[in-house]
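Okay, here's what each chain looks like letter by letter:
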Amino acid sequence: MIGKYTVRFFALGYLAVLLAAPVGFVFWRTFEHGVGPAWGAVTSHDAVHALKVTLILVAIAVPANTIFGVMCSLAIVRHRFPGAGVVNAVVDLPLALSPVVAGLALLLLYGRGGWLGGHGVLFALPGMVLASIFVSLPFVVREVVPVLREIGTEQEQAAATLGASAFQTFRRVTWPAIRWATAYGVVLTTARALGEFGAVSVVSGRLAGQTETLTLYVQDRYVGFDTVGAYAAAGLLALIAVSTLILMTTLKPKEETQ
Amino acid sequence: MPEARRSLAPGLTIGLTTLYISVIVLLPLAALTWRAHGWDAISTKQAVAALQLTLGLSLLIAVINAFAGTAIAWTLVRDRFVGQGFVNALVDLPFALPTIVAGLTLLALYGPKSPVGVNAAFTRWSLLLAMLFVTLPFVVRTVQPVLFELDREMEEAAASLGASRFTTFLRIVLPSILPAILSGVALAFARAIGEFGAVVLISGNLPFKTEVISVYVFGRLESGDPGGAAAASVVILLISFGVLLAIGALRRWVTRHDR
Amino acid sequence: MRRISLALLLALLLPALAAGASKDTKLTLVAYSTPKDAYGQLISAFQKTKAGNGVSFSQSYGASGEQSRAVAAGLDADVVAFSLQPDITSLVQKNLVAKSWNKDKYKGMVTRSVVVFIVRDGNPKKLKTWDDLLKPGVQVITPNPFTSGGARWNVMAAYGGALRSGKTPKQAVDYLGKMWKHVVAQPTSAREGLQTFLAGRGDVFLAYENEAVFAQKKGQPVQFVIPKATILIENPIAVTSTSKHQTEAKAFLKFLRTLDAQRIFAQNGYRPVVPAAARGFNFPTRPQLFTIKYVGGWAKVEKRFFEPRTGIMARFIGSSGG
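Protein chains in written order, with the numbering used here: chain Z, 1 to 258; chain U, 1001 to 1259; chain F, 2001 to 2322.
Chain Z with its partners taken away, still in its complex shape (with noise of 0.2 Å):
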């Protein structure tokens, strides 16, 4: 029998284990020697322009996959057309692909030699939009897509015979259902974007106060033994993907709270 504290004791364990541990240990780490270094660390010159970088690159990558991942999600749910499974499968794709490697593939089509190569496109903030996307691409049309299926299309069909257009359609029936799985999708985006290191870090050259993002000042810190800054700025990171979920939840409309 699967009783309710079963699954609580279990969930809650397993989250102990591989989330509250790992997670406190960080703040603790961040917070060892006092408030004044980890402060000192995050406020100095490169990790605030290491911010700024990392805050447009979310700030461009977020909302493109979240308009393409809605319009995804409608293309293989609702107009299912000869190539959606594939379609669906490719959509995960960069996920399967070492940061390494996804870094590779950008360096050999936009660097010297490549079919798209010269244009300014690497080790600038272009590159690093386009390693951004590519890594966070999956997310919202991951989470839009299983609600999409599961809501039926009868509402819809029934906004169509009365007359609405495919966009009224759009805003008064389906978007309010799959508004809470966008927001979901835009958190893991959000928070995709924020960490990711290895891809962003072979086509951004690493120019120091450059194109160096958050994810590349933590690990410059942490190769210069500077701890304290390395998990300060870790922590950073941390706060502003919790920052993101706070910001979706609260726009969570009151009469859907069960």
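Hints listed in this document are in silico derivations from the structure and should not be mistaken for laboratory results. For clarity, every value in this text was computed on a predicted model and none was experimentally measured. Wrong hints could be hidden among the right ones.
Derived EDC-like pairs (lysine to aspartate or glutamate); straight-line CA-CA distance at most 16 Å [unchecked claim]:
1. F:K2094 to F:D2076
2. F:K2181 to F:D2131
3. Z:K4 to U:D1079
4. F:K2178 to F:D2132
5. F:K2244 to F:D2076
6. F:K2026 to F:D2076
7. F:K2036 to Z:D226
8. F:K2218 to F:D2037
9. F:K2036 to Z:D46
10. F:K2050 to F:D2024
11. F:K2217 to Z:D226
12. F:K2048 to F:D2260
13. F:K2228 to F:D2131
14. F:K2218 to Z:D226
15. F:K2178 to F:D2131
DEER-style ranges, computed between Cβ atoms [stated by the list, open to error]:
16. Z:A59 to U:S1022: 22 to 28 Å
17. F:L2134 to U:F1067: 44 to 50 Å
18. F:S2319 to U:V1023: 41 to 47 Å
19. Z:F9 to U:A1246: 32 to 38 Å
20. Z:A124 to U:L1170: 51 to 57 Å
21. F:G2166 to Z:W115: 54 to 60 Å
22. Z:F9 to U:G1117: 18 to 24 Å
Glycine included, each C-beta is placed from N, C-alpha and C at the ideal position.
Starting from the known structure of chain Z, arrange chains U and F on it as the hints suggest.
Chains U and F only, in chain Z's frame:
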């Protein structure tokens, strides 16, 4: 005229979607395949061992996540306890933390100097641990919204007819959330296959024992064989693609009665 | 007419004259990660000299191999400084660095170091020579030479060390195979290796002296031993052929070989290429020190040991139980 507008929307949606996917995903992958050279890079004993290890682990990870993720999603949606919102907010963190930090943290907590006496480092258990860490949010977050949207009437009806909680879950809830679980499983599998940063530190990268395929491919690249690295990656991609298609087919089979 | 043409001439010349007076050059330095602190200090020092006045720098630090690949893929660099010669050779092959880059009196090198054993507090297992690593139960940590170019120094140090102790080349290769069986972790970088060792794994970590000294300076509990027979690590630097500021870049390189600059390197744990700069620093000479030439030079060594399919190390690492 409504018909004309309606028939434009699907075409536009499909077209834009395909364009986006082509530019963002397919073009780089095509460039990779174009430069792939030296297909024996993936057929050495070391490569095969790494691939088998990674595939096996990724599938195991997918299964564990299916159960754990569903349980966690259930606890976060259907349960009520103090600090629930806090726990919910933390779920995405393994994802937002750079993989170096994940590696350092896991090594400190579950390595030779573990404060809880658990030393799994440099064994295959460490790979499992690291992969479970980075794939934690997936199934949880894909199941949560579906569980949330679920109509409770059927469950309540079943309960009033005397069905146990377990039966209710198995017969009524599960079929509805299974597509979402599979969605999250696909993500978890893909991520586990491609994971590099979180596993390198804690696993020791010992060939035939704890070396995952992403490390092997990195080795190819670092030793001046980008063609071989690309070739190995293309093979990994094809295998992953196959598994993802299979998961899609599994979902279609599972929901066959709903159509 | 003449007045207008004179004015025109002045108008054309003036900007050129002005440019000559104030150099607004920006040099991009692409380097491996370890000398970041050193280059920070060196750049400041360079900017105080006449040649460096008005020269600003854009700096990039990362893993040596990755940086080399970035430059090959189009990262604009004026000066490249990597941890081992092959990372520059690959750029020469792509015509990004002139073939004559190492034809100066320093052979293109800017710093030196040696391979050392980082050991536990007090060196309980008494690991001093390469043969000591074969003692039963000794656990070795070293990056895999295929996932970390720098680890090739470790392998060649071990091989050369075996040769120095009187072994024949064949016996020395056997030694490598035996030693590799003691390797219990293969981190993908030197820094990762130190982290692994500090986390409690292994009895000895094969590292570079400059990294060990740097770690000590940063307060890490690192103790190291320099084996009698060890390899002289030499780190190369070059001006790229694509640099638009050849004069300034070459001036920077020249500066890096001055006594003052070499002293800064020494303060950061590097052995200088200018012997006089080592005075006052603790860089013990080793009786059986050898260079990469002793074991065949990089070209031969890469082919014989590190060819991904047929190299000796590929055999040792790529066969089960390796």
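Checklist entry - Which numbered hints are broken by the structure, listed smallest first? => result Going through the list in order, the structure violates no hint and respects every one.
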